[in-house]
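Chains as they are written, first to last, in the working numbering: chain A, 19 to 512; chain B, 101 to 797; chain C, 70 to 169; chain D, 5 to 180.
There may be inaccurate statements among the hints.
[What the hints assert, rightly or not] When the alpha-carbon atoms are kept at most 30 Å apart in a straight line, the in silico DSS-like pairs for lysine-lysine are as follows:
1. 388(A) x 225(B)
2. 388(A) x 468(A)
3. 583(B) x 678(B)
4. 591(B) x 677(B)
5. 591(B) x 514(B)
6. 507(A) x 495(A)
7. 706(B) x 290(B)
8. 463(A) x 388(A)
9. 467(A) x 318(A)
10. 677(B) x 514(B)
11. 591(B) x 225(B)
12. 44(A) x 156(C)
13. 463(A) x 290(B)
14. 468(A) x 318(A)
15. 591(B) x 139(B)
16. 225(B) x 468(A)
17. 139(B) x 388(A)
18. 706(B) x 318(A)
19. 678(B) x 514(B)
20. 388(A) x 318(A)
21. 318(A) x 463(A)
22. 139(B) x 225(B)
23. 318(A) x 290(B)
24. 225(B) x 467(A)
25. 468(A) x 290(B)
26. 388(A) x 290(B)
27. 225(B) x 514(B)
28. 677(B) x 583(B)
29. 133(A) x 44(A)
30. 706(B) x 388(A)
31. 463(A) x 225(B)
32. 706(B) x 463(A)
33. 225(B) x 290(B)
34. 467(A) x 290(B)
35. 583(B) x 225(B)
[What the hints assert, rightly or not] Quick list of simulated restraints, FRET-style, between CB atoms:
36. 156(C) x 53(D): 40 to 46 Å
37. 141(D) x 129(A): 51 to 57 Å
38. 44(A) x 124(C): 43 to 49 Å
39. 391(A) x 672(B): 42 to 48 Å
40. 179(A) x 689(B): 47 to 53 Å
Since the hints were made in silico from the structure, they are not lab data.
Glycine residues also receive a C-beta, built at the ideal position from the N, C-alpha and C atoms.
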Amino acid sequence: MNFFLEPLTLLTFFPLLGVLALLFLKPEWRSAHRWTALVTSLITFGLSLWVLDQFNAASGDLQLISRRPWISVAGWDIQYYLAVDGLSILLVLLTTFLMPLSILSTWTAVEERVKDFMIFFLLLEVGMTGVFLAQDLFLFYIFWEFTLIPMYFLIGIWGGARRIYAAVKFFLYTMAGSVLMLLAILWLGVYQGTFSLPGLIDRGGIPGDIQMWLFLAFAAAFAIKVPMWPLHSWLPDAHVEAPTSGSVILAGVLLKMGAYGFLRFNLPLFPEASVRAAPWVAALAVVGILYGAIVSFAQKDVKKLVAYSSVSHLGFVMLGLFALNPQGIQGGILQMVNHGISTGALFLLVGMIYERRHTRDLEAFGGLWKVMPLYGTLTLIVALSSMGLPGLNGFVGEFTILLGAFGSQAIGSYWFAGLAAVGVILAAVYMLTMFQKMFLGPVDKDENKKLLDLNWREILILVPLLVFIFWIGLYPKPFFDLMAPAVEKLLVGF
Amino acid sequence: MLFSEAMSTGFFNLAPLVVLFPGIGLLFNMVFGGRLPEKVVGWVASLAVGAAFVISILLAVSLSAIHGHAEIVSVTEWMSIGSLHLDWAFRVDTLSVAMMLMVSGVGTLIHIYAIGYMHEDVRFKGDPTRFQRFFVFMNLFIAMMMILVSGDNYLMLFVGWEGVGLCSFLLIGFWYDLDILGRPSLENAKAANKAFIANRIGDFGFLIASFLIFTYLGSLQFDLVFAEVEHVAQPVILTITLFMLLGVVGKSAQIPLFVWLPDAMAGPTPVSALIHAATMVTAGVYLVARSAPLYGTVPAAQEIVALIGAVTALFAATIAVAQYDIKRVLAYSTISQLGFMVAAVGMGAYAAGMFHLVMHAFFKALLFLSAGSVILGIERGYHAMSHGKKGHGFHHTDDEVFNPNDMRNMGGLKDRMPVTFWVYLAGTLALAGIPPFAGFWSKDEILLDASLHYPVVYWLLTAAAFMTAFYMGRQVWLVFFGKSRHEAAEKAEESPRIITAPLVILAGLSVLGGVLNLPHFHTLGHWLEYTLGELRISEFSWLMAGQATLIALFAIFLAWLLYGRREQAANEPDALKKLLGPAFVVFEHMYWIDEGYAAVFINRYKDLARFLAEVIDGRFWHDWLHDSVLAAGFGKLARFLADPVDLGLIDGIANGLADLTQWVASRLRRFQNGFVRSYALSVLLGVVLILGYLLFR
Amino acid sequence: MVPIEYYLILSVVLFAMGAAGVLARRNALIIFMSIELMLNAANLAFVTFARQYGQLDGQVFVFFVIAAAAAEVAVGLALIVMIFRSKHSIDVDQMSSLRE
Amino acid sequence: MAVDFELIMFFILAGVGIGTAAGMLLSRSAVYSALFLVLNFGAVAGFYLFLNAPFIAMAQITVYAGAIMVLFLFVIMLLGAEKLTPPEVLPWQRPLAVVLAGILILEAAYLLFLRTPGLGEIQMPGFGPDTSPAAIGAILFGKYLLPFEITSVLLLTAMVGAIVLVRPRKQGGGQE
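Please put together the full structure from these sequences, using the hints given.
As structure tokens, this is what we get:
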């Protein structure tokens, strides 16, 4: 019976209790559903803090292990194996941190089928937490695929006009990548005799050519999820059609699963292939950084703009991870968190204006700072954080990534980091253009003249994000300290 | 004695306060400012900066007590990854303290001035709620500038570097819903964006330079970096310094990134004085001085820096002679003077460059603030004039847009605004380099050094100095002498005490500032030597000084010939225009640089973005590759598998799959009669068959 | 001395009769009883094997099956009552709304 | 060759079991069917005793023959007599069912008697483990604790479900 009380198991599956409670509530009791989901996600967040409390930051090993033999037919060694280390702890915290905020953001935005919405949302949390904690490839795959289903419905039921198209596209793209990953997982499990990740890493010894193929198979799944250029085509559609909270989670957590996959599986399992692939990944990442930044500049839909900016930001993350040195990888991990916070906040902000104006067309706004001073100021701070202003979180991540990539032997050329740094300029261009079109200038549209500024609930959603924007920007040491030993351990193989 | 003990040890620990005080001020005003009267908000902000000034003095005192030895005050670790170690650490040495004193001293005066100025400005522009916001931004700026000058590593410097850029953005766009004439427009906001993005381009250079520094010199902390310089190959240092130069030209508005500074005049006048004349734009000069050990090793880089500075100085001066907007003249003058400073530090004359930096802060802040006073006076006059006719506020008259900045609308203000006139004159003489005003000493030192080491630079700078004296003369005559060319100028009124008091102090500094670094004494030079090592100090030459003075006087005389001897009528073309013809038009339109940039870079970037977004990402990637090839291809496959004959209308994967499912369903339908029992029968049939298969296979 | 095969074939016969009952009868109640019969047949096989292998686990399983059957009967009968209320019949052939 | 008392008892009980099962299937009235089933359960309980499973036998009597069948009868009474007026709409259903059941039996017989070597015989009172209620209790609350608890949840759920299902509806309110 201790099984369910093991910290990580409890953390992962706790939202199911909320789902269970929701099942017993009448569909028309909407606020009861909202409160149940909120309280559940808050308790889950509390649990994750409890996990953080037990986490020993000085060690780079897997900790708080929760492990049981699970399926052992036909000589397969599949385990139920959850554990956390410095690579994943921040992402777990990010997940549980963003959940209550997203749920709060649906308070007035989702009015239909609230019960179903909340159930899907909590299920999604189970899947995401599981992805970050699973240390068995098979278990990981199950969680990985499991996240698809709630997200599919979240987009498909509560989305915008072209939601079905977007949901199907999202589903099929991710599915297509996952299939290859499944094959690679099965190959590893069958030929290496275990599905457990630490076991596989210890065993090692996969020949170079096969490493490359396996690397590519895993990369297919992860690169689509990240998404790396040129596999990003599903992202703008999914973001534009998804409800606000869905976008927040999609950008904040789901995309991180891709980058995390590279970090957790590709790098330690296939070190030789990773080194060989590093310049190519870096090249795609740099193209993504510039491409995303330039394309966002031309967008007229705010949400689409933010979606393309994600392509750019995740390019930075990938560049950092494949720098294969401490600065790059730690910066990459931190940048995942930063992107979750900043872009999450941006989507929340876009959602707030959308609730008021029911449009996201940049041209429909103008001079909003005058009408909604608080909203304007907060958007400015978040936008600055997103474009990497020093003193805010985005800068710390981008700087360390670029510093790492610049001196990286794996990438092998200054040009990548140098070109990526151009992305910093372009980020300022599109973010400021967005800010200018929405908030500056005179209020020349009648619809905008009487907009209400943020209410207390919305402020409550944004304040925690702002706290982290400043905290990480000014004093990122605690965050780096959490991951440093694990990254060091990871890099021993290179 | 306790005090002397504290002087040598205790005061250094106060260094973080130079950032903290303005920070407290801004937080206080942010939280409570909305509920407090304007006076309180303004004085709290001013006091916060004043407190930073006091701290800076204490630091300077302590520093001289230990003979200028650099102190590092570390607050906390910032980040530490692998070999990268960065602290939030304050560096107190003679260079940084000189900057701190200048920033907080001039800053305090400008804050006090702004209490009076903004009080009127927000009323003229019709939104008094922004008073509070102004002082929040100003305090933020001071805090950022302090971080910039006091940081102990390149990254902390960069935090301040971009931070002041942000404040500049916020303050240029302070009237984000108006244009420079107060009409509803996006113009000011565009100017703000332009400044930020031009600065970002410079910051890109800074970033690359810091990556190179870290990669080759192994650290970002100043002392460690400078200690490594000798061990690194020259080409690397050259690359570093050139990328750093990109940062310098961005921040200090040199060719080719100077275009943002003239537009930055959209900000309220105290902003122009503080940020775009005295402090922020000099950050580039400070950076070169700070990186002296890097530049010192590569003469090629020094030469490039010096040349860029000198060319900018002349180039901007030519534009300044043909401007009508009182603040725009000063803006180009600032670019030009920054060129002087950059040239000086580029030549290695750090003492001269820093001397001119401080002097320029005094007299240019003075000139901007006085210009602000002039503008306010004109606005008051216009207000009084239009009050009788209709409504109030100058932007309500639609038939003719009145520009209170336009020198063609001024004239004869000498008598209407005497205090402003006298302080403006002091600033002008200082800028023109007439002895014994402050600008004379500093400019002379730069010219002297150039004449000895870089003749080309010397000639460029001398030409620029000539132009400087000319356009300042032109300005004084156009604004203060002659007859008023507009009714508003006739009715102009002198500004209140709170505005003129800081002006008088600054005027005093502009007159007497030269004592800081008089020939033979070189107080500032020796003070900086503690930090920068043995400096090259050229001895005073009567010949050079006399030559420079004569040139300046001649230029002023020329200005009098054109503008003073005979009065300009209201609608008459500029006197110089008659003389120069087409060349004047070129200057007037600033060589069409803005239009050129727009045509060559900005519009091309927009085209590229649109092309990528619509054609590549939209039509090719999204519509063609995904929808037509992938989705439709899959749809066709599904259709083919489903029923090659039945070519229904299938669109995309969703429909393809749906059709497939429907087809299968229709085949299976005949087995479906809806009776539970017959379903159950098929189950049993299945059981029997499977069991049979297992038995008899 | 009863051969184990006898018990097992008896179990199969009872099971097959139950299955036939489920398929042949239209009265929902009788179908239900037939299902109970099938469960019983399975239980008999369980206990027989438990006896043969000398282990208690088989009996425990029967215990669980009985519990499950009790639950199933409770819900099933409730369903039948409900259907009877709306259709006024317990003929399963009348309950063919699944077809549409 | 001595008459094997046990074998005789087995055949008698088996006859009762099969007979009552057939009676249940063939009787027109649901009440009779239910009563036949009670008898059948009794016969099976007898087998359990032969098979050294007294606890299960008792459970069989109390739960099945007692509780469940009473419930059945109760429902039958509640719903009134069964009247099946419409003719059979599935003409092939009944014969097919019987045939398939027959084939199933034949397959099983083939498997048991022809394909499997002798499984051994069972004697009463046989050897084997302690099958007292105490022993069953020990295993239930030890090795099978989790399933046991889940069973209790299952029963609870069934109870709640049954109540919810037959609860009288208010007009207009309630479920979607």
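Results of checking the hints against the structure:
1. 388(A) x 225(B): 14 Å, holds
2. 388(A) x 468(A): Holds: residue 388(A) and residue 468(A) sit about 11 Å apart, inside 30 Å.
3. 583(B) x 678(B): 21 Å, holds
4. 591(B) x 677(B): 29 Å, holds
5. 591(B) x 514(B): At roughly 13 Å apart (the allowed maximum being 30 Å), residue 514(B) and residue 591(B) satisfy the hint.
6. 507(A) x 495(A): 19 Å, holds
7. 706(B) x 290(B): 15 Å, holds
8. 463(A) x 388(A): 13 Å, holds
9. 467(A) x 318(A): Holds. Residue 467(A) to residue 318(A) sits at ~21 Å (cutoff 30 Å).
10. 677(B) x 514(B): 25 Å, holds
11. 591(B) x 225(B): Answer holds: residue 591(B) to residue 225(B) is near 20 Å, not above 30 Å.
12. 44(A) x 156(C): With Cα atoms ~27 Å apart, residue 44(A) and residue 156(C) stay inside 30 Å; holds.
13. 463(A) x 290(B): The given pair, whose Cα atoms are some 19 Å apart, holds under the 30 Å limit.
14. 468(A) x 318(A): Answer holds: residue 468(A) to residue 318(A) is near 23 Å, not above 30 Å.
15. 591(B) x 139(B): 27 Å, holds
16. 225(B) x 468(A): Roughly 21 Å separates the two Cα atoms, so the pair holds.
17. 139(B) x 388(A): 23 Å, holds
18. 706(B) x 318(A): 13 Å, holds
19. 678(B) x 514(B): Given pair residue 678(B), residue 514(B) holds - Cα atoms ~26 Å apart, limit 30 Å.
20. 388(A) x 318(A): Holds: residue 388(A) and residue 318(A) sit about 22 Å apart, inside 30 Å.
21. 318(A) x 463(A): Given that 30 Å is the threshold and the Cα spacing comes to 17 Å, the pair holds.
22. 139(B) x 225(B): 19 Å, holds
23. 318(A) x 290(B): Roughly 18 Å separates the two Cα atoms, so the pair holds.
24. 225(B) x 467(A): Between residue 225(B) and residue 467(A) the Cα gap is close to 19 Å, so the pair holds against 30 Å.
25. 468(A) x 290(B): 25 Å, holds
26. 388(A) x 290(B): Answer holds: residue 388(A) to residue 290(B) is near 17 Å, not above 30 Å.
27. 225(B) x 514(B): The given pair, whose Cα atoms are some 26 Å apart, holds under the 30 Å limit.
28. 677(B) x 583(B): 20 Å, holds
29. 133(A) x 44(A): Satisfied, since the Cα-Cα distance of roughly 8 Å is no more than 30 Å.
30. 706(B) x 388(A): 28 Å, holds
31. 463(A) x 225(B): Given that 30 Å is the threshold and the Cα spacing comes to 20 Å, the pair holds.
32. 706(B) x 463(A): Given pair residue 706(B), residue 463(A) holds - Cα atoms ~25 Å apart, limit 30 Å.
33. 225(B) x 290(B): 18 Å, holds
34. 467(A) x 290(B): 22 Å, holds
35. 583(B) x 225(B): OK: residue 583(B) and residue 225(B) at ~28 Å, within 30 Å.
36. 156(C) x 53(D): 40 to 46 Å: The hint (40 to 46 Å, Cβ to Cβ) holds, given that residue 156(C) and residue 53(D) are roughly 43 Å apart.
37. 141(D) x 129(A): 51 to 57 Å: 54 Å, holds
38. 44(A) x 124(C): 43 to 49 Å: 47 Å, holds
39. 391(A) x 672(B): 42 to 48 Å: 46 Å, holds
40. 179(A) x 689(B): 47 to 53 Å: Roughly 49 Å apart at Cβ, these two residues keep to the hinted range, so it holds.
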